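Produce the entire structure from the sequences given, and follow the hints as far as they go.
For the protein sequence lines, the chains are A and B, in the order given. So the first sequence is residues 85 to 198, counted in our numbering. So the second sequence is residues 1340 to 1453, counted in our numbering.
No lab work stands behind these hints, which were simulated from the structure alone. Honestly, I wouldn't trust all of these hints.
[Unchecked claim] A partial selection of chain B residues facing chain A, derived with a Cβ cut-off under 10 Å:
| id | residue |
| --- | --- |
| 1 | Phe1351 |
| 2 | Phe1427 |
| 3 | Cys1430 |
| 4 | Ser1433 |
Bear in mind that the values here come from a model prediction, so they are computed numbers and not experimental data. Yeah, the Cβ is synthetic: ideal placement off N, Cα and C, and Gly gets one too.
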Amino acid sequence: AQSVTQLGSHVSVSEGALVLLRCNYSSSVPPYLFWYVQYPNQGLQLLLKYTTGATLVKGINGFEAEFKKSETSFHLTKPSAHMSDAAEYFCAVSDIQGAQKLVFGQGTRLTINP
Amino acid sequence: DGGITQSPKYLFRKEGQNVTLSCEQNLNHDAMYWYRQDPGQGLRLIYYSQIVNDFQKGDIAEGYSVSREKKESFPLTVTSAQKNPTAFYLCATSAGGGRTDTQYFGPGTRLTVL
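Here it is, written out as structure tokens:
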């Protein structure tokens, strides 16, 4: 079965510092991977996704993620944190069965210190 | 204005009562999904539907029921059999059922059992 592990339920960085949110996955087939962001009491918004092709994926709001098959990882980064980046971030892998079922990690709450 | 509408935003229910959460979309998407979100647990799939008049159980379907009589609508009923229904419920849609399709999320309904 597919699974996702997000290392660190809470990450805190200073404004302007590098943001690194970790995601490791387990998949019995070539994975399709997603990062979503959730602001308080709102739905999820897609940041970026990896399906095939280039392993470095660029998304919205300056975020990017690199698919590393050998490490089964899909870490999310942003060179310089902004106060508006404070939110919860979810990594997900597409399940192998039929419809596009997503398996989500537990989420990482990102706090930005001024 | 295209999008996904969930109503109500907040819902209170007494124990033993059934309650129905609404999800409507005008994106002309074929697939619709219901997720439950609990703090620190990510999102878990309750039910999903790829076409009208057809739906499948997700990972935590017990105590829930759905219908898909129209393409635009996918209501979720939380029955009295659901032992711990207090949670944040998110509806999502995707254009098709493919593994690479992006899921788009509604704003959510927060259900509290009194």
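Against the structure, the hints:
no. : hint    : in the structure
1   : Phe1351 : violated (16 Å)
2   : Phe1427 : holds (8 Å)
3   : Cys1430 : holds (8 Å)
4   : Ser1433 : holds (6 Å)
Consistency with the previously given hints fails for number 1 only.
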